[in-house]
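**Q** Letter by letter, the chains look like this.
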Amino acid sequence: MTAELGHFALVAAFVLAAVQMSVPLWGAAKGDLGLMELARTTAIGQFLLIILSFAALVNAFVVSDFSVLNVVQNSHSTKPLLYKISGAWGNHEGSLLLWVLILALFGAMVAAFGRNLPPSLRARTLSVQAMIAFGFMAFMIFTSNPFDRSLPAPADGQGLNPLLQDPGLAFHPPFLYFGYVGLSIAFSFAVAALIEGKVDAAWACWVRPWTLAAWCGLTVGIGLGSWWAYYELGWGGFWFWDPVENASFIPWLCATALLHSAIVVEKRDALKSWTILLAIIAFSMSLLGTFLVRSGVLTSVHAFATDPERGVFILALLGVAIGGSLTLYAIRAPALQAGGLFQPISREGGLLLNNLFLSAAAGTVLLGTLYPLFLDVLDAGKVSVGPPYFNATFGPLMAPVLVAMVIGPFLSWKRADLGHALIRLWMALAAAAIAIALVLIYSGVKGVLPALGVGAAVWIIVGTLVEFADRIKLGRAPLGESVRRLRRQPRSAYGMTTAHIGVGLVVAGVLGATVFKTESIQVMRPGDTVVVAGYGFTLDRVEDIRGANYVAERAVFRLSSDGVEFAAVNAERRNYPVERQQTTEAGIHTTWFADLYAVVGEGDSRNGWTTRIYHNPLVPWIWLGTIVMAIGGAISLTDRRLRIGAPTTRRAKGAASNDGPVPAGAD
Amino acid sequence: MTALSPLARIEVEQSQMRYVLYGIPLLVAVAIGAFFYFGLGGNPRNLPSAFIDKPAPAFNLVALPGRTLGPHGDPGGLSTADLKVGKPVIVNVWASWCIPCVAEHPLVDRLATKEGYTVHGINYADKAGDGAGWLKRLGDPYAKVGFDIDRKAGIEWGVYGVPETFIVDGEGIVRFKHAGALTPDLLEKTILPLLKELQ
Numbered sequence: 001m002t003a004e005l006g007h008f009a010l011v012a013a014f015v016l017a018a019v020q021m022s023v024p025l026w027g028a029a030k031g032d033l034g035l036m037e038l039a040r041t042t043a044i045g046q047f048l049l050i051i052l053s054f055a056a057l058v059n060a061f062v063v064s065d066f067s068v069l070n071v072v073q074n075s076h077s078t079k080p081l082l083y084k085i086s087g088a089w090g091n092h093e094g095s096l097l098l099w100v101l102i103l104a105l106f107g108a109m110v111a112a113f114g115r116n117l118p119p120s121l122r123a124r125t126l127s128v129q130a131m132i133a134f135g136f137m138a139f140m141i142f143t144s145n146p147f148d149r150s151l152p153a154p155a156d157g158q159g160l161n162p163l164l165q166d167p168g169l170a171f172h173p174p175f176l177y178f179g180y181v182g183l184s185i186a187f188s189f190a191v192a193a194l195i196e197g198k199v200d201a202a203w204a205c206w207v208r209p210w211t212l213a214a215w216c217g218l219t220v221g222i223g224l225g226s227w228w229a230y231y232e233l234g235w236g237g238f239w240f241w242d243p244v245e246n247a248s249f250i251p252w253l254c255a256t257a258l259l260h261s262a263i264v265v266e267k268r269d270a271l272k273s274w275t276i277l278l279a280i281i282a283f284s285m286s287l288l289g290t291f292l293v294r295s296g297v298l299t300s301v302h303a304f305a306t307d308p309e310r311g312v313f314i315l316a317l318l319g320v321a322i323g324g325s326l327t328l329y330a331i332r333a334p335a336l337q338a339g340g341l342f343q344p345i346s347r348e349g350g351l352l353l354n355n356l357f358l359s360a361a362a363g364t365v366l367l368g369t370l371y372p373l374f375l376d377v378l379d380a381g382k383v384s385v386g387p388p389y390f391n392a393t394f395g396p397l398m399a400p401v402l403v404a405m406v407i408g409p410f411l412s413w414k415r416a417d418l419g420h421a422l423i424r425l426w427m428a429l430a431a432a433a434i435a436i437a438l439v440l441i442y443s444g445v446k447g448v449l450p451a452l453g454v455g456a457a458v459w460i461i462v463g464t465l466v467e468f469a470d471r472i473k474l475g476r477a478p479l480g481e482s483v484r485r486l487r488r489q490p491r492s493a494y495g496m497t498t499a500h501i502g503v504g505l506v507v508a509g510v511l512g513a514t515v516f517k518t519e520s521i522q523v524m525r526p527g528d529t530v531v532v533a534g535y536g537f538t539l540d541r542v543e544d545i546r547g548a549n550y551v552a553e554r555a556v557f558r559l560s561s562d563g564v565e566f567a568a569v570n571a572e573r574r575n576y577p578v579e580r581q582q583t584t585e586a587g588i589h590t591t592w593f594a595d596l597y598a599v600v601g602e603g604d605s606r607n608g609w610t611t612r613i614y615h616n617p618l619v620p621w622i623w624l625g626t627i628v629m630a631i632g633g634a635i636s637l638t639d640r641r642l643r644i645g646a647p648t649t650r651r652a653k654g655a656a657s658n659d660g661p662v663p664a665g666a667d
Numbered sequence: 668m669t670a671l672s673p674l675a676r677i678e679v680e681q682s683q684m685r686y687v688l689y690g691i692p693l694l695v696a697v698a699i700g701a702f703f704y705f706g707l708g709g710n711p712r713n714l715p716s717a718f719i720d721k722p723a724p725a726f727n728l729v730a731l732p733g734r735t736l737g738p739h740g741d742p743g744g745l746s747t748a749d750l751k752v753g754k755p756v757i758v759n760v761w762a763s764w765c766i767p768c769v770a771e772h773p774l775v776d777r778l779a780t781k782e783g784y785t786v787h788g789i790n791y792a793d794k795a796g797d798g799a800g801w802l803k804r805l806g807d808p809y810a811k812v813g814f815d816i817d818r819k820a821g822i823e824w825g826v827y828g829v830p831e832t833f834i835v836d837g838e839g840i841v842r843f844k845h846a847g848a849l850t851p852d853l854l855e856k857t858i859l860p861l862l863k864e865l866q
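Read top to bottom, the protein sequences are chains A and B. Just so we're aligned: 333 in the working numbering is position 333 of the first sequence, and the numbers increase by one with no gaps anywhere. Just remember that the working numbering sits 667 ahead of the position in the second sequence, which is counted from 1.
Don't take each hint at face value.
Unchecked claim - Facing chain A, according to a computed beta carbon distance under 10 Å, are these residues of chain B, among others:
| hint | residue |
| --- | --- |
| 1 | Leu688 |
| 2 | Gly690 |
| 3 | Ile691 |
| 4 | Phe705 |
| 5 | Leu707 |
| 6 | Val769 |
| 7 | Pro773 |
| 8 | Asp776 |
| 9 | Ala795 |
| 10 | Arg818 |
| 11 | Lys819 |
| 12 | Val826 |
| 13 | Val829 |
| 14 | Gly837 |
| 15 | Ile840 |
| 16 | Phe843 |
To be verified - Coverage of chain A stretches by chain B, computed from C-beta distances (three or more under 8 Å per stretch; other residues unrestricted):
| hint | region |
| --- | --- |
| 17 | 312-322 |
| 18 | 328-340 |
| 19 | 367-377 |
| 20 | 600-611 |
Said to hold, decoys possible - Partner residues aside, some chain A positions facing chain B, computed with beta carbon under 8 Å:
| hint | residue |
| --- | --- |
| 21 | Leu52 |
| 22 | Ala55 |
| 23 | Leu233 |
| 24 | Pro387 |
| 25 | Gln582 |
No lab work stands behind these hints: they were computed from the structure. The C-beta atom is built at its ideal place from N, Cα and C for all residues, glycine as well.
Between the sequences and the hints, there should be enough to build the whole structure, so can you do that?
**A** Structure, rendered in structure tokens:
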């Protein structure tokens, strides 16, 4: 009965979306406030109905209702409760319902908290949001109904892919979708602005908090996914440039660019048509990712059951959403008035540089992801594009961004003095130079690229702190004055500093994982000790254990340093009988400056076990940095100005002035 | 247009240029969309049927360096001659950087160990040492493993991505190809019956 209730709620939400996408739009064109207000009511109603529908599906999984086909295919009665719940979105149909839920959540949030928006913009934004929801709910109802029955009900289900039975991956999709789908609201704002034909500082100020919220979710989601890959796939890697990983990373790059370009629109009324285009592209990339995962055009470990018919439906959806919005853009954008002019060396110039390189990086990743498909369709041969391509192209494109992100905040609007900024950054320059020299001495000339990488990480972290100290005139004014300035800083300034430090941490962690790790593979018997990077790993014992729905061999390693034992880790090889699959669980001990990482492979008590031991310096910082970035975004989100939505326009000053706190949002 | 002064004409042209410029994103999107549409037509998992029922392509690979031989191991390199041995053999293309290869690995092992077939591996686009380490860690079910560092053999075989699995009959004719990871279902319903038939 609950399954039917869920299905009914979904259809009702579909009907409400049809109302929401048409009536308020018409009301906005006619200037009828009553019709425009309908957008808010329907947006909230639609959200409540989809919650009901989603709850019905989760309930079917929790109580193991095997009369529902989706539950049969993706669950099993012996599965732990957490994975019964996460199984609800670990499949094509359920994840679509989550997709639509978050779409409606963002619509409802705009309806509830967007009181400061002009009624016509709000109505149009919510209408566009409803159009997307309408398309996706039609897709679900007609091709991918999560509530399909399976009668007669089988005795038990087929289980969930064991790789997905993991706490990291249970929460990965909700965060990822929050970001992925949350970008829809920036898209809706952009399309609404194109319909209105007006983009101004206020528009940028309204669209930014929503983009920021989505960006935070996306950051955490991508971080969780890579953390999972790190400890579950068992070879110490954290990123694979898999098409589906790329599909979440491209929107992240676009959203990051969008966050920064919207600042320019808000403060200086420039880069308007570019920002609109970015907002459209960012969400288009989310849609593209959805298409790639579900259509089967690319082979990937993440791909859901592929079905060409579904692919055609999503492609049609993409055609309407992306084609429609870009057509509108081609017609309306040329008429947007260009705003304030600026010199190349200026805050705007720095943000533009950031945008250029981030978009180029997004384009490069997109090209690498789609290239095999392009060649295939042209019948020009078959290729696969692997990590070498991405490493060779992505790194060089990000390098200028990493250098510029420290200098940018020192530049004043409109026209700035680069030399002056660099002088104020002497401490960061010196720290980076020392770091580069140390790495070169330690690892020789071979380590030029790693040394530059370490230099970049130090440069970002120290430079960002220097910038903050400069803001509050630390050391240049009496301490009392600095404390007063510290308290007067807008939250967005704290947010920017935090997020940029997070970037520095991630850069350091990525370097540790790729360049400085030590690896050792050998056969070990209980009692054997291997020394890796100064740490002793002693295989204590290998025991058979039984989990809720798996059996495993668990290897217990005792870790020692200079003969003193300080910890033990368990590495497991799990065997899931229902799904007939094996997974590995790495045993990881983190010191926060390095991970000691052990994996157990094939073996038996007679011949010993193959083990793989890693010393991964700085790797924990990848995820620490990701979280710090997201916290930075969240801090910025609490800024009073973003909540009130009053834009602040900056009058440009002639030279890099340092009087008064550099205002500006999280730039 | 003749009534316009040269300066005004330039202005008109500039505004036309502007419209063209703002249309570029749409054109790019339409082009990508066309690729997707045609890409959907064929299912990538069984695309290159060109190889089926044809002799296996000519190739000659050196043995995977650094490999510690597994229970079925054969130290030599892999070439076309190894595929025409009077009984069916399986050729599995894999790489250490490929996640689906990890997922399908127990099934490859099952084909070699439990079912007793000869499985040759092609280590595709990998760095020396990475492939050997991967086998050491996950177990080595292969007879011969060829090291295809420059992807030349992969091109001959029409490798679209890793993993891919081919079945070659006793006469050296390719009888089956699967792009993507093996699944228990595929093994039971297609691969094992085919192998039995070819035996």
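**Q** Does each hint hold? Answer for all of them.
**A** Structure-based check of each hint:
About 8 Å separates the beta-carbon of Leu688 (chain B) from the nearest beta-carbon of chain A, less than 10 Å, and the hint is met. For Gly690 (chain B), the shortest C-beta to C-beta distance to chain A is roughly 4 Å, which falls under 10 Å, so the interface hint holds. Checking Ile691 (chain B) against chain A: minimum C-beta separation of about 8 Å stays under 10 Å; hint holds. Annotation: Phe705 (chain B) was flagged as interfacial toward chain A, and the flag holds, the nearest CB pair being 5 Å apart, inside 10 Å.
Proximity of Leu707 (chain B) to chain A holds as hinted, the smallest CB-CB distance being about 5 Å (cut-off 10 Å). Proximity of Val769 (chain B) to chain A holds as hinted, the smallest CB-CB distance being about 6 Å (cut-off 10 Å). At about 5 Å, the closest approach between the beta carbon of Pro773 (chain B) and any beta carbon in chain A falls short of 10 Å, and the interface hint on this residue holds. At about 9 Å, the closest approach between the beta carbon of Asp776 (chain B) and any beta carbon in chain A falls short of 10 Å, and the interface hint on this residue holds.
Hint on Ala795 (chain B) is violated. Least Cβ distance to chain A is approximately 14 Å, over the 10 Å limit. Interface restraint check for Arg818 (chain B): the shortest CB-CB distance to chain A comes to about 8 Å, inside 10 Å, so the restraint holds. A cut of 10 Å between beta carbons decides the hint on Lys819 (chain B): the least distance to chain A is about 13 Å, and the hint is violated. Given hint, Val826 (chain B) at the interface with chain A, holds; its Cβ is 7 Å from that chain's nearest Cβ, closer than 10 Å.
Of the supplied interface hints, the one on Val829 (chain B) holds, with its beta-carbon coming within about 7 Å of a beta-carbon of chain A, less than 10 Å. For Gly837 (chain B), the shortest C-beta to C-beta distance to chain A is roughly 27 Å, which exceeds 10 Å, and the interface hint is violated. Annotation: Ile840 (chain B) was flagged as interfacial toward chain A, and the flag is violated, the nearest CB pair being 21 Å apart, outside 10 Å. For Phe843 (chain B), the interface hint is violated, since its Cβ never comes within 10 Å of a Cβ in chain A; the closest pair sits about 17 Å apart.
Counting residues of the region 312-322 of chain A whose C-beta lies closer than 8 Å to any C-beta of chain B gives 5; at least three are required, and the coverage claim holds. Three residues within the 8 Å Cβ limit are the bar, and the region 328-340 of chain A against chain B gives 4, so the coverage statement holds. Only when three residues or more bring their CB closer than 8 Å to a CB of chain B does the claim for the region 367-377 of chain A stand; here the count is 6, and the claim holds. Check result for the region 600-611 of chain A against chain B: holds, 3 residues qualifying (beta carbon to beta carbon below 8 Å, three or more required).
Because the smallest distance between the Cβ of Leu52 (chain A) and any Cβ of chain B comes to about 34 Å, over 8 Å, the interface hint for this residue is violated. Because the closest C-beta pair between Ala55 (chain A) and chain B is about 32 Å apart, greater than 8 Å, the hint is violated. Interface restraint check: Leu233 (chain A) against chain B, minimum CB-CB distance 6 Å, threshold 8 Å, status holds. The beta carbon of Pro387 (chain A) is positioned within 8 Å of a beta carbon in chain B (closest approach about 6 Å), and the interface hint is therefore held.
Residue-level restraint check for Gln582 (chain A) holds (minimum Cβ-Cβ distance to chain B is 5 Å; threshold 8 Å).
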